[in-house]
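Chain A is already provided as a structure; the job is to place chains S, Y and V on it using the hints.
Chain by chain, the residues:
Number of protein chains: 4
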Amino acid sequence: MPAHFGPRPFSTKASGWYRDVTSMVVSFVTDREQLGRYLPSPFRVAEEAVVTITYACNRQVDWLAGNGYNLVAVSAAADFIGEQETLSGDYALVMWENLTDPILTGRELQGIPKVYADIQDHTVLHGDWHTSASHFGHKFLDLDVSNLRDPSEDEIAADAAARLGRDNPMAWRLYPGVGGFGESINEYTTFPSENRITDAWVGEGEARWQHLSWEQNPTQFHIINALADLPVLEWRPAVVVKGSTNLVVAERLPRVIN
Amino acid sequence: MPAHFGPRPFSTKASGWYRDVTSMVVSFVTDREQLGRYLPSPFRVAEEAVVTITYACNRQVDWLAGNGYNLVAVSAAADFIGEQETLSGDYALVMWENLTDPILTGRELQGIPKVYADIQDHTVLHGDWHTSASHFGHKFLDLDVSNLRDPSEDEIAADAAARLGRDNPMAWRLYPGVGGFGESINEYTTFPSENRITDAWVGEGEARWQHLSWEQNPTQFHIINALADLPVLEWRPAVVVKGSTNLVVAERLPRVIN
Amino acid sequence: MPAHFGPRPFSTKASGWYRDVTSMVVSFVTDREQLGRYLPSPFRVAEEAVVTITYACNRQVDWLAGNGYNLVAVSAAADFIGEQETLSGDYALVMWENLTDPILTGRELQGIPKVYADIQDHTVLHGDWHTSASHFGHKFLDLDVSNLRDPSEDEIAADAAARLGRDNPMAWRLYPGVGGFGESINEYTTFPSENRITDAWVGEGEARWQHLSWEQNPTQFHIINALADLPVLEWRPAVVVKGSTNLVVAERLPRVIN
Amino acid sequence: MPAHFGPRPFSTKASGWYRDVTSMVVSFVTDREQLGRYLPSPFRVAEEAVVTITYACNRQVDWLAGNGYNLVAVSAAADFIGEQETLSGDYALVMWENLTDPILTGRELQGIPKVYADIQDHTVLHGDWHTSASHFGHKFLDLDVSNLRDPSEDEIAADAAARLGRDNPMAWRLYPGVGGFGESINEYTTFPSENRITDAWVGEGEARWQHLSWEQNPTQFHIINALADLPVLEWRPAVVVKGSTNLVVAERLPRVIN
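Chains as they are written, first to last, in the numbering used here: chain A, 1 to 258; chain S, 1001 to 1258; chain Y, 2001 to 2258; chain V, 3001 to 3258.
Everything labelled a hint here was simulated from the structure, so no lab data went into it.
Ideal placement from N, C-alpha and C gives every residue a C-beta, glycine not left out.
Careful, some of the hints might be misleading.
Over the 12 Å line for every Cβ pair with chain Y, so calculated as not near, a few chain S residues [claimed, not checked]:
(1) 1003
(2) 1028
(3) 1068
(4) 1163
(5) 1192
(6) 1222
(7) 1225
A few chain S positions that, by computed beta-carbon distances, are all more than 10 Å from chain V [as the list claims (entries may be wrong)]:
(8) 1008
(9) 1014
(10) 1015
(11) 1081
(12) 1082
(13) 1127
(14) 1185
(15) 1187
(16) 1195
(17) 1209
(18) 1211
Reference excerpt, derived from the structure (chain V facing chain S, CB under 10 Å, subset only) [as the list claims (entries may be wrong)]:
(19) 3118
(20) 3120
(21) 3123
(22) 3125
(23) 3128
(24) 3130
(25) 3131
(26) 3136
(27) 3137
(28) 3138
(29) 3142
(30) 3162
(31) 3208
(32) 3211
(33) 3215
(34) 3244
Just chain A, with the same shape it has in the complex:
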């Protein structure tokens, strides 16, 4: 929307490529039952109840004519249990972005639960990486990664193995009816991407959430507080990655009988 001006004209310069992406990835093991409360029924928490928080500084984005934006995504390792098939991947709990354009296309074409936040460009200070996210002036997240080193051969192999058959981001595309009543759309999606890594380091990371009130963030406080309440049983190694990403067209997951 608006649709009456015709489809958005695409330049021959547009593509799915994000040509300059820098990411900080922090993950932790949490309580399986508590995490499971936030997964709709065709999804099940994966064998390991891992929550992943990804900050990405996206630059040189072709479809945005070379402009960029920052995002903070939170996902849960999960299996989609379809009627006849199962898909293992990461279920999108929420994705904050600091630019409205990809929020709209992500919500509407892919069903990704994107919302807005002011996300600072990451800082790097003597090897310590940091970013934070706020909305309406109230900070809700600090993200730190430090003590970076090159990954070992074993880590590279383990990472490659872990991605095999698991690198499927998934989401729940749910639109209410006009005025908020009923449902207009209710389906599940997967939105794969192709990633080329030029640099990767392993280190220690941490995410620190701040509980907020309705008065402080009336549209997102319940999301933030739910995430802040997830217990951290164990921090996993954090990762910093540089490279590029090509968004592939999203697909609808097979319909399930709930």
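Here is chains S, Y and V on its own, set in the frame of chain A:
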């Protein structure tokens, strides 16, 4: 979305009231045929082919916990021709806002074609009112109102008469399918509001558009250029209004057989 | 600076008037000795060791061509003890503003210790007023005023009396030499203004500071922490004021022999 | 300022290093006489009347705790004619930055004529580099570089030769007295830096200025219009550079008898 955290908890302090709204309203008569190209079939350009550009500085918005935002809306005087009934009002061509939260709810609950822009707080300088809108650093609109005076009795009466049976904002709620293919939702809506005016002045106004390229605004240039190309046959008196607005729940317009 | 393009040309529309100013004023009694540490020698903490925190939403500023900005000022009730004369007023401890232009003129023409912060437009929600200030993504101040009522006759009279001979904002204009060595300028100033109040209410207010680290705010953390450490012995009644302000030309205070 | 909280405490992590700097440099030959109008008397336009426009995307700035900012600097090739010595370099005509903190230190410690602008992060799209600068919502500069290639051996040698004895940025540190009357400081400075280049390309560049009115940019329109009026006799090859920069302490140039 995200839906898995449950419905957004509403505070008892939330309501539909925008308690402090300042608006500049500029309108002009344009070419009927050219304007008609942007109205989907159940809509017809009204007897007078009037395009209205409304800037609003919304403050003290209850559902945003007292926060606010600015908007620039462009609409066409139009009649909705249903199978059995007709509704006269203003068809939403596009609405720019400088806050993502109301963009999402407006698109998803009401079908309003909202997109993002940096919209300056209006300036007032010795009776001259001004604002402008940009995206990705490129300005596309300047809006001016000046020579304000109190409205005459006749103008007040004419305005009241004009609103009778015409104060219906309408929109086309069209969502594509996953990945952008096909359609998930295709319907028409109306989203009435209750307005309380505390101050109103009449003056002269003007909107100046800048044509932009895909490189300058890859997501909106076709919208901006279409509006910039509408001929201005005659500027109507401009209006500055202060007051408050209560958003009423949007409704679906009766289905039509296209 | 730059000076080589000649003096900034003034429009006939420019003046010292800020035509639309909304302020929240919160003040408290603190420890006299601790506050005194931050006053240079010709200043002495006033009989009552009162610190005042003023948020102002400045709009329709003539010299900015009708644009506006927000500020948060912190000042100490103080007496300037000159060789031959004494001036009672408020010594400027720090002033945050969210626009660079008045920061530069305020520092350079008046010696006001202005620095930058992201200062939210104030929210008003069912009678509760709020704003906050952040820099580099880290919030350092929340300011609240609530339970507003009309001032009593006695309060109006007491306020007028208190202003008599005390309404003198003062500052220390200190510039280092090139590279930061030595001093280029070292003097004291006063920068009076003319205020026209259209509305005023009295209520309860509170300022909540957050201690920050160098990593969080490398240019201001020492200021913020000093203010956060001032003990609050008693909150004074808070005030919300609407009106306009005319900046009068700043003056140098009589030289003192230190 | 403020000075009463003591000197800004420096972390051991602070230094003069800007560890991640990406620059677009565009220069042109202009009319010698017209350019000379903007140089104060001890400066003389260099043999070639070259104006250089530099955009820099500064990241990982140590003294800002790893934060960064963008700048657009305009300088004139010039010779400082002292009583006993001459210094060849680039005289700072104006420097826009999108962060107030370095604007204050640059003006006050070095005398650089820094002012604020919204400066877009540069975009890169299929080899075309672009940025733009605005203030108060009104764009005043577009900067483009394209057709980049590796520099030739000759170009590298010529560049090194040109820098020999010429790499001296210089400025006029002029502060008025309190209230704007008279002068408090009037001197000339040089502010050298150490640059490490990791990547460099040569291409074609262009700067496009927009004339603005006082109403559009009341604090800078005279600067912008003066620069927009400089005739472009010939564009020089443009350069894109990546690397790091270490700010060295600024020095005062030898006093001259005007």
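Quick rundown of the hints versus the structure:
1. For residue 1003/S, the shortest C-beta to C-beta distance to chain Y comes to about 26 Å, beyond the 12 Å cut-off, and the non-interface label holds.
2. Non-interface status of residue 1028/S relative to chain Y is upheld: no Cβ of that chain comes within 12 Å, the nearest being about 24 Å off.
3. For residue 1068/S, the non-interface assignment is contradicted: its Cβ lies about 7 Å from the closest Cβ of chain Y, within the 12 Å cut-off.
4. For residue 1163/S, the shortest C-beta to C-beta distance to chain Y comes to about 29 Å, beyond the 12 Å cut-off, and the non-interface label holds.
5. Residue placement check: residue 1192/S keeps its beta carbon more than 12 Å from all beta carbons of chain Y (closest about 24 Å).
6. Distance to chain Y confirms residue 1222/S as a non-interface residue, since its nearest Cβ pair spans about 31 Å, more than 12 Å.
7. Under the 12 Å C-beta cut-off, the non-interface status given to residue 1225/S relative to chain Y holds; the minimum distance is some 28 Å.
8. Non-interface status of residue 1008/S relative to chain V is upheld: no Cβ of that chain comes within 10 Å, the nearest being about 32 Å off.
9. With a least beta-carbon separation of about 31 Å from chain V, residue 1014/S lies farther than 10 Å from that chain, consistent with its non-interface assignment.
10. Residue placement check: residue 1015/S keeps its beta carbon more than 10 Å from all beta carbons of chain V (closest about 32 Å).
11. For residue 1081/S, the requirement that its beta carbon stay farther than 10 Å from each beta carbon of chain V is met, with the minimum near 40 Å.
12. In this structure residue 1082/S is separated from chain V by more than 10 Å, as the shortest Cβ-Cβ distance comes to about 41 Å.
13. Residue 1127/S, annotated as away from the interface, keeps every beta carbon of chain V farther than 10 Å; the closest lies near 13 Å.
14. With a least CB separation of 33 Å from chain V, residue 1185/S remains clear of the 10 Å interface cut-off, as annotated.
15. Against the 10 Å criterion, residue 1187/S stays outside the reach of chain V, whose nearest CB is about 36 Å from its own CB.
16. In this structure residue 1195/S is separated from chain V by more than 10 Å, as the shortest Cβ-Cβ distance comes to about 27 Å.
17. Once the 10 Å rule is applied to beta carbons, residue 1209/S is consistent with being away from chain V; the minimum gap is 14 Å.
18. Separation of residue 1211/S from chain V is adequate, the least Cβ-Cβ distance of about 14 Å exceeding the 10 Å criterion.
19. Taking 10 Å as the C-beta cut-off, the interface hint given for residue 3118/V holds, the closest approach to chain S being about 7 Å.
20. The beta carbon of residue 3120/V comes within 4 Å of a beta carbon in chain S, closer than 10 Å, and the hint placing it at the interface holds.
21. Because the beta carbon of residue 3123/V sits about 8 Å from the nearest beta carbon in chain S, less than 10 Å, this interface hint is met.
22. Interface hint status for residue 3125/V: upheld, as the beta-carbon distance to the closest one in chain S is roughly 7 Å, under 10 Å.
23. With a least beta-carbon distance of about 8 Å to chain S, the hint placing residue 3128/V at the interface is held under the 10 Å criterion.
24. Restraint check, residue 3130/V versus chain S: the minimum CB separation of about 7 Å is within 10 Å; hint holds.
25. The beta carbon of residue 3131/V comes within 8 Å of a beta carbon in chain S, closer than 10 Å, and the hint placing it at the interface holds.
26. The criterion of a C-beta within 10 Å of any C-beta in chain S is met by residue 3136/V, whose closest approach is roughly 7 Å, and the hint holds.
27. Residue-level restraint check for residue 3137/V holds (minimum Cβ-Cβ distance to chain S is 4 Å; threshold 10 Å).
28. Given the 10 Å rule on beta carbons, the hint for residue 3138/V holds: about 6 Å separates it from the nearest Cβ of chain S.
29. Checking residue 3142/V against chain S by beta carbon gives a least distance of about 9 Å; that is within 10 Å, so the hint holds.
30. Hint status for residue 3162/V relative to chain S: violated, with the closest Cβ pair at about 32 Å, above 10 Å.
31. For the restraint placing residue 3208/V at the interface with chain S, the shortest Cβ-Cβ distance is roughly 12 Å, beyond the 10 Å limit, so the hint is violated.
32. Checking residue 3211/V against chain S by beta carbon gives a least distance of about 14 Å; that is not within 10 Å, so the hint is violated.
33. Evaluation of the residue 3215/V hint against chain S yields a held restraint, the C-beta minimum of about 7 Å falling below 10 Å.
34. Annotation: residue 3244/V was flagged as interfacial toward chain S, and the flag is violated, the nearest CB pair being 26 Å apart, outside 10 Å.
Hints 3, 30, 31, 32, 34, counting from the list given before, are not met by this structure.
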